Each structure stands twice: as C-alpha cells, then as structure tokens.
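Student: Sequence:
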Amino acid sequence: MKKFRKVLDGLTTSSPVNAGGSPACGSAAGTPTAAPTPRELDIQETLMSEHFQICKTVRHGFPYQPTALTFDPVQKILAIGSRSGGVRILGRPGVDCFCQHESGAAVLQLQFLINEGALVTACADDTLHLWNLRQRRPAILHSLKFNRERITFCHLPFQSKWLYVGTERGNTHIVNVESFILSGYVIMWNKAIELSTKTHPGPIVHLSDSPKDEGKLLIGFESGTIVMWDLRSKRADFRIYYDEAIHSVSWHHEGRQFMCSHSDGSLSMWNLRNTAKPFQVTFPHGKSQRDGRKESCKPILKVEYKTCRNSESFVIFSGGLSYDKAGRRPTLTIMHGKAITVLEMDHPIVEFLVLCETPYLNEVQEPYAAVVLLEKDLIVVDLTQSSFPIFENPYPMDIHESPVTCTAYFADCPPDIIPVLYSIGAKHKKTGYSHKEWPVSGGTWTVGSQSYPEIIITGHADGSIKFWDATAITLQMLYKLKTSKVFEKPKGSETARGAELVEEDPYAVQMVSWCPQSRIFCVVGISAHIILYCFSRHDSNTAITSLEVRLQCEVEDVISPSDTENAVCLMDAGGHSPQPPSPRGNTPDGARDGARDSIPCLKVKDRVIRMPPGYQAELVVQLLWVDGEPPQQITSLDLNSAYGLLALGNCNGLVVVDYLQKTIILCMTTLELYGSADPFQRLTRSPRKNRQSTSEFCMRGLSNFYSDSKKRIRTSYQSLTELSDNQVSLDQERSKSPTSDHVNGHCTSPTSQACPPGRPRVPGGPEGPRLARRGPGRPPFRKAQSAACMEVSLPVSFLTEESRENSFSRSRSSSVSSIDRDTKEAVTTLHFAESYGRRSDVLPAPCLWVGTSLGLVLIVPMSIPTDEQERMEEPVTIAPTSTVLMLKGSVLRFSFLDCTGGLIHSPHEAWRDTHAPDDPERPRRRRLVNFSPCFSQEAGGDGHLAVVCSERQAKVFFMPSQACLYVHNITESSFVLRADVVAISNISNSVCLACFCANGHIMILSLPSLRPLLDVHYLPLTDMRIARTFCFTNGGQALYLSSPTEIQRITYSQEMCDNLQEMLGELFTPTDTPEAQNRGFLKGFFGGNTQTFDREELYSVLMTQRRVCPIVGEAAAGKASRSLAQHIPGQGSVEGVRAAAGGAVGELARARIALDERGQRLGELEERTALMMASAETFSKHAHELMLKCKDKKWYQF
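Residue numbers for the sequence shown, in the numbering used here: 1 to 1198.
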C-alpha cells in the first residue's frame, strides 16, 4: 500500500510548470477558481509491479499461409503448419494450441507419434523438431539440424521409433525419435538405383513401408523412379522407371499393389508380382481426343487409396482437371466404385488427409472423413454419405471471410447479452451440414474458475460486423450484421460503376462504438457515414432516418505568417485510409466534377423496409461533398445512451447529433469551438484559388504514378496471400517524427495529420483546370484500408525536398512552430461524461470532452432535460466554454476517477425493446443509470479526477479546479498508438492506464499517481495491421490481429498468467491403442500375415550418453557422420523441464503426468489386488470353518 497526498490549496493552472512544460492548462484568463475542493486528497493504490506480466494466452482464426497437415487417429487431434513457422494443434472445441518455431522457418511436414503425445516437425531450414504434447503448452524436446542435405520428405511408421528422412539429393536417413540421434544406416541414392542409370533420380517425394512386410521400404523419386528397398539385405527388390514425374504414392492395405499420381493428370496402378509396367493407367478427368490420345490435364498432387469392408474402395485425389477451361476452381475428386464426385473448392488445396477407423495400414481402412486444408479455409467431408456433405466447423476459421479492418474488445459484459445474441444469430446459420459429430474430438477442456462474459467485435471491408463470444479463452461467432443493407444498390446505367464500387469496398468499417448496457451500436464507415443501430427481439417495418451534415472548414487556410509562401495539401487524421467513394447522385456524368456539392457518398434506402430481429438501423449520418471535394473521413466517435447523443469529429470539426429527436444540435469547426480561448496565434486567409491550385497539383501528380500502381491497388483484396506484411526496421521507425511517422506511405500514428491518400503534401502548383479523375470525377484512392494490408507508397521522385520535409519529418508538438505547419486540427477523441465544464461549477453536469491532434482538450457542457417527455420535445443546448487543457501530442483517451481512485462509469440507459408489443400495464420508460442530478449530488459533489492520455504524455487533473496533479512523459523516442484505462481485477482501486507504443513497448501506469508499473518490449510495430487492431480491455487482457487471418489474445495480469494452465485444454489424454485384428489361421497360412523385423538391431547406434552399446547394431548400421547433422537439446527436454519447472509446481506437474500415464496400470493392479483379497478372505473363511469342525475330534476320528 502506498498513500499519496496532494495539497490543492493555492494551486493554479496559469503557470506553464503545472502543464509539464507546455502552455498553461485551464481557462484563458488563468484566474483561480472558487469551486469547492477538498483540502487533502487521500488515495490508496493497490496495484504494484508484481501484479503485471505479459503472456500470450490463445490464438484464434485460420492459420495464415498453411503448408502442412497431419492427424493422430487415436488421440483424434489435428496439427496444421504454416509458412511463418507456426503450428496449430486442434482438438475438440476449446482445445486449441499454438506453437511457434523460434527460427520462423516454414513447416514442410508434420508427423504425429501416434498415441504417444509427441509431434515431429520438419522445417524449411532443414531442421527436425520433436514437440512434447503431454503438457498444456507444448515445448521442443530435441532438434536435429541437417548441415549438408535438404529435407524433402519424412515418414514415421506406426508404433516405430525410427523416422525415415528423405533429402533433396535422393538419400534416405534414419533418425531415432527418442534420442533424436542420426543412425549410421543410410540408403544412398546411387545404391538405390541401378548402376547403369546415368541420370540422378531427383529428390525423394515419397517414403513408406510395405503393409505386408515392415522390412521393405518404398522410395519414390521425383523423376518417376520407384525403388522397393529391402532393409535387411540392404539391396533393392525391384526398380520402376516411369516416364512421368511422381507426386504421391498410396498402398492397398494388403500390400500387393499401390497407386501413384503423376504430373500428367494420370493414376497408375502397380502390382508387386509384375513391376515391368503398370497394370492400369487412368486419366480420371482426361477426355479421349479424335486421335485416341488423352487431352492434357493438370498434375494430380496427391492420391489416397482406401479400402472398405462392405463397399467399393475409395480413391481420393486433388487436381487432375483438364486444361481446356481456364479459371476453374480447385477440386477434390472422390471415386467410389464407378461413381465420380468432384467437389469444387473456393480456394487452392494445400493438403488433404483421409481419416480411417484403424491406424494399422495392413487392415481394411474404412474411411469416414476427408480433411481438406485450403489456403484460406479448413473443411471436413463426410465420406459415409453418398452426397458427401461437409461437417460444420466448430472453430472460428472465418474471421477473414472479409478482411478485418477494426476490432473492439469488451470484458465483463452484462451476462444476458451473449445468450440473446446467440439466439438471434442461430436463426441465420447455414444448413446442409452433416449430422454427425465433428471428427476431430481429441483432448479435454473445461471452463476455468475465472470466467466472465467477453465479447470481441470485428469490422470488415465488406461492411459486415461480427460479434464473437470470447468467454474463457474460446471464440464462437454469435451474430453477424451487414451494414450494406442500409444503402441502395446501383441501378440502371450505374450498374457497371456500382459493381466497381462494391469491389472497392465503399462500406468498409473504420471504427465501432458499443454500449453493452443499452445495446446501442454505432458503426463508422469509410464513406464518411455513421449508422446507429438499436437492438430488438422483434422484427419491425420502419424507415431509416438519414441526416446529412455539411462539415467543411471554410477558413481552410489557417496558417501562421511564416508559412504564407508554402501552402500544402490538407489531410484528415485518418490519413492512412483511402478516401470515400463518389456519391450515387443523379447528376449527369459530364457535370459531376463541377456540380458535386451537398450530396452524400452513398444513398440510404428511403422507403419502409422490414428488419429482422437483432440490430436494426435507426439513423444514418452522412457527411456531404463540398465544392467538389469529398468529405474527410471520421476520426473520432462517441455515443451516450443516457444522454441520447452521438458525437463525431474529423479534421474539419465537430458534430453532435441527438439521435432521440433525430436532429443535429451542433456542427462547428474546431477553431470555432475555442472562441477567444485559442492558445495559439493564428492567421486566417481564404483565397480559394490557392486551395484549387494545390488540389490541381496533387491530382496531376497522382495521375502520373497512378497507372503504375493501379493493378496493385485494385487487386489488394483479391487474395489475402497478397496482403503485404512488410517489415520496417526499428532504426527507420525511430528516425521519423514520433507523431507523424509513415510506413510505406502510411501515417502510423492514428491521429497524425498528413495528406489524404492519393494527395501528397506538396507546394501549390500552377493554376489550371482540374485534371480528370479515374472515372467521372472520382478520387483515385477509395479502396478500404484493411487492417491486414498496407497501401502502395508514393514514389520518392514525385515528392520534392520541401514536401518530404513537411510530410515525413514534421513534429506535431504543442509548440507554436508546430502550429505553423499544421493547418488543420483534427478531433482525435471524444467522451461524454458527468463532469465540470467550468471552474465555477459546484455539481457535475453532462459534458463532452474533446481532444484534438494538437494536444488540446476542450470541455463542452450541455443542458439535457431530465424528464422523459421534455427530453423528446425540448432541444438539448450546448454552450462551448473557454476551458482548454494542453498535453504533448495528439489526445487519445479520457477517463474519470472519483476521489477514492475508483473508476467512474459513464451514464447509460438500461436496455428497452422499442419494438416490443405495447403493454398498457407496464409502459416502456427510459431508465437511466448514473445520470445527473442524483448522481452528481451523491458521488460527484466533492469533485473528481480526469485522466487524459496523449501520444506522448499522460496527465491527471482535478476537477473542477483543473489543477494538474500528476504528469508523466510516456515516451520521447516513439509515440503511443493505443491507450485505455482498465480495471485489472475485482479488487478496489485496481485501475491503471495501459499503453501500447509504436516501438513495441507495452506500458502500465498506476492511477492516479502515474507510476510506471510495467514496461516490456513485447511487439515491434512492423505494419499498420497491429496499430489498427490493438486494444486493451478489463481483466488484464488485450488483443491484436497477429496475421491477416488470426487474432492473438494476450494478458498483462500476473493473476491470469498464474491461472492460465488450468484455462488451457489438454492435448494428450491417456488412451488405449486399438489392438490389431486377428487375421485368422488360413489367411496367415497362405502368407497374409505381416512380417515384422527388429528395427532396433538394424538401426541402433552407439549412444554413450545412455551407456548402451548394442554391438550387433553398431556392426550392422555403423556410425553416423557427425558433420551431417547436429543434435540440439530443446528447452522442453527432461533436463530443461527440471531446471525450468523446479519447486513444488514443477514437481506437481511431473507427478500429474506420471499419474496419467500409469493410471490404467494402477487401475488394473487395484482390480487384481481386490480379487486376491477376496480369494484370501474366502480361503481364510473355509480354513476357519475346517478348524472349528476338526477342533474337538480325536486323532483316531479322522
């Protein structure tokens, strides 16, 4: 506990020292206040440094750029490898684990040690890794790095500890998976092929042991050569030389024949009795031409040959379609007897597996499902039904269905909101899925002790909104909302132009604001529009009200005298996003450029429409085009359900909307809000021709380079694999201005001011007619900026030295020199709260706090009628005051604390269903929570603390005196991207300020003293995706988009880190391995039984570490070359676990693992002991009866 005391008597805000080196904080006059203030502020802070620790919790979504797939048929868990070195292991819902190779090398192949709780990964850096899955967080036990050869294929036979590794040179090595030591037994390529062969057979593409004889290894080379190698005699049984390249091989379970897939789209069947030629060659999709030849087909990349006991065999393969039609979708073909079914996929196939009832390759397989890994999806096909339906995927694999553009995270939501959203969303689910249970059902998972409702909201490029249930580190979609249904679709002559608009995402979501208590939801779109939704359980037929706002800074050329010679293009604070699309007005095409004025970008439906239960649109606010200029994008938003108000801001000014009366009550430029309290001296001028000439120069420059980048820009959403993940060096990041940094032409500061996309900051050009834009009067950059992609950068040659200085090297501090160049001041954050608008206020009242890009804070008091009827009839009055507070950098966040350090929640309205049937006995009235004046009298009469955080600085003010109590400079070399005031736990006063900086640091500051509690370099900012999606929430949690398809959740709470083990699922569960089928006497007598051999004797090497020296094995295999591969002990090895775990926790974990492994044996032992005890008791009873019977008898009576 630490007590902070601050004497408030005599403190004034007119001194620059109180502002931490910045201009005066407070009113322009700087007069002391007469407001009542406590003489002493006592706040006991409970949070300490030991309460915080950064830790990743779970990753959701589809693995980005997948490369490999494998399945454990006994444990029933699935593993997916990715190009970035990640491995996702999936089981039943809730069992989802992410592992990452430190090297970041792509995963080439995965192999489970079936029912052993281990996984082998082969990576592109020619390293094998052994993962231990018998712990909730898998770790690497061993690694083996190949130095002179490249790994191309791996094979691990069932119930074997010897791993076959094929290389690019055509050699086959053998590795002991227990010790990860290379055996001396090597199958060299020149020994495998005939000596007369003059060409190299190519890399190894297939390895498998014969189902009939484990001592025979089938080796497939890329060139078409197939070798059956006798492991005992170390020679080849037969060799096959085929003309076409081989992609895969699959055995018949009896081991007498196998099937190969080839590069010409053919399938060949081979019989071991006659290997001179295939006994069957088929082109499944090749049609016969007139000359008798088969038409050319695409390669069949993989084939699976599986047998059934009561039906025809399955032949399943990918690829093989003919080249006659371009643009065909990727396909998976299922041949069952004479029936051929072609399943078209939405994305290219990466890998597929066939799931069978038995893990033994020498038994009838009985396939029941096919797992297909696509580039952007994972599907499972039910093979037991003739229609081959797919299973409903229980994992959140469709986060990237449309690129994610924004995220929001809400913890500790009202408990009834999740069931309501789920019940509404369940009505719109797709049908036609298989009725069987999801086949990937391994592992165990239970809800942990710490469980509270959590919701994640994602906004997407197509205008859709998804609500996700994130409770207990799981993720399940609850409800999907499509904002595009509010607007009209293009008709008639605008069909072609409308199709282009759809492609360019005019409905893309920029930000969202949600009040869980009142269930009011607000969406900001890229076309400078806001949609307000209300939740209802009943459908309704209503018309959507549309408000159009003309928000334009007429005094646009607000500059200092020093810059009268260099006017620059103006930019909104959301400069990293493209401009909105052109409107769909009725203006003729030829007059669009000159007559586009006072029209919105999109057209709202102007008729009564039926809205299903769920979120229903009530109001649309659209910014209008002004003088041929598109509206600037919205940079800030806040709504308050108790006030019934909605506020929005951009670089032109501020708008306040009364959504209850559906009217605009305030529309002012930022400069007009200051009045006489503007702390800077500014000079205004308004020569229109200068602005026009500047625009002309910008457009001329864009037209020069647009043709080169047109293709890249227009195709940025065609494939997520094309989304750029460019890395930016830290040195380059630090060399730029902390508040005006750019990455690839983007302003990485979410609140910085620069030119709109497609409008570089350059000096004014010569006057002349406006250049023609792309299409009739449309700005070139209109595509939505996904949180997963980055835009094309402006050519360096296009920018002059002066423009580069203005665009990339300016500092936006609160000094006058900064104001000289920043011609527009953007509204960067808004917050409705019960506060004090003036120093003389005695009680708090509804206020709007406004933060700008220049670090200024304005407090706007409001007068709101308290009576419900008066609220709907009388207007809300707003009177901007002269209250101005100042910080360094753009203002990011507001929050409020009471005099005890507790968080003050904003007033809100309890939810009411406005479309429910009327009940005369229970009229629907507004029920307000924490709304003045009752709230003010009870909780706010003694004042409160205002927490303000900017890109550089955090301050705590006491209201209403506006005295600055605490100041902390967060960073000097970087800037804050995201800041939130959050509550860590249910402990009183557990409120802190969480910040994420552009240099990758996560910082936690105590409140109100702003003491640094945590500063960890966690995640360097490498692209805009992280900057746009990172967000904190209560409970010590945060999230960000780690890849275009995945959401990474983290925690900064030590308590949650300690409890994370019990929240995660168990990947390995002790399970009996199925017994092999008894093949019978007659089948074994005629040679049907599988022949086994001792691999240990054949492959063992001298292992001095274990003091084992199998002389026979050493003689048979020899020693492996030390320079060929290097063994690297992993951190998850037994020694590493002992060193890292240590103490009672480690001992308990090891005891639990040992108990799980021996549980079944102990159970059997207990049963046998019970039987023995029962037998002993019976024997004792009979012995006692016999003793009593013979006790009194004489010896001669026997």
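Treat the hints with care, since some could be wrong.
Stated by the list, open to error - In silico EDC-like links for lysine to aspartate or glutamate, alpha-carbon gap of 20 Å or less: (1) Lys302 / Asp230; (2) Lys480 / Asp606; (3) Lys298 / Glu344; (4) Lys430 / Asp382; (5) Lys325 / Asp346; (6) Lys198 / Glu168; (7) Lys430 / Asp398; (8) Lys76 / Glu116; (9) Lys76 / Glu366; (10) Lys603 / Glu548; (11) Lys198 / Asp264; (12) Lys436 / Asp382; (13) Lys605 / Asp539; (14) Lys482 / Asp412; (15) Lys216 / Asp230; (16) Lys302 / Glu244; (17) Lys302 / Glu351; (18) Lys234 / Asp264; (19) Lys277 / Glu312; (20) Lys338 / Asp377.
Keep in mind the hints are simulated off the structure, nothing from the lab. Predicted, not measured: the structure shown is a model, and the values here were computed from it.
Student: Please go over all the hints and tell whether each is borne out by the structure.
Tutor: Hints, verified against the model:
no., hint, verdict
1, Lys302 / Asp230, "violated (25 Å)"
2, Lys480 / Asp606, "violated (24 Å)"
3, Lys298 / Glu344, "holds (15 Å)"
4, Lys430 / Asp382, "holds (17 Å)"
5, Lys325 / Asp346, "holds (17 Å)"
6, Lys198 / Glu168, "holds (18 Å)"
7, Lys430 / Asp398, "holds (13 Å)"
8, Lys76 / Glu116, "holds (12 Å)"
9, Lys76 / Glu366, "holds (16 Å)"
10, Lys603 / Glu548, "holds (11 Å)"
11, Lys198 / Asp264, "violated (24 Å)"
12, Lys436 / Asp382, "holds (8 Å)"
13, Lys605 / Asp539, "holds (18 Å)"
14, Lys482 / Asp412, "violated (26 Å)"
15, Lys216 / Asp230, "holds (5 Å)"
16, Lys302 / Glu244, "holds (14 Å)"
17, Lys302 / Glu351, "holds (8 Å)"
18, Lys234 / Asp264, "violated (33 Å)"
19, Lys277 / Glu312, "violated (25 Å)"
20, Lys338 / Asp377, "violated (30 Å)"
Hints 1, 2, 11, 14, 18, 19 and 20, counting from the list given before, are not met by this structure.
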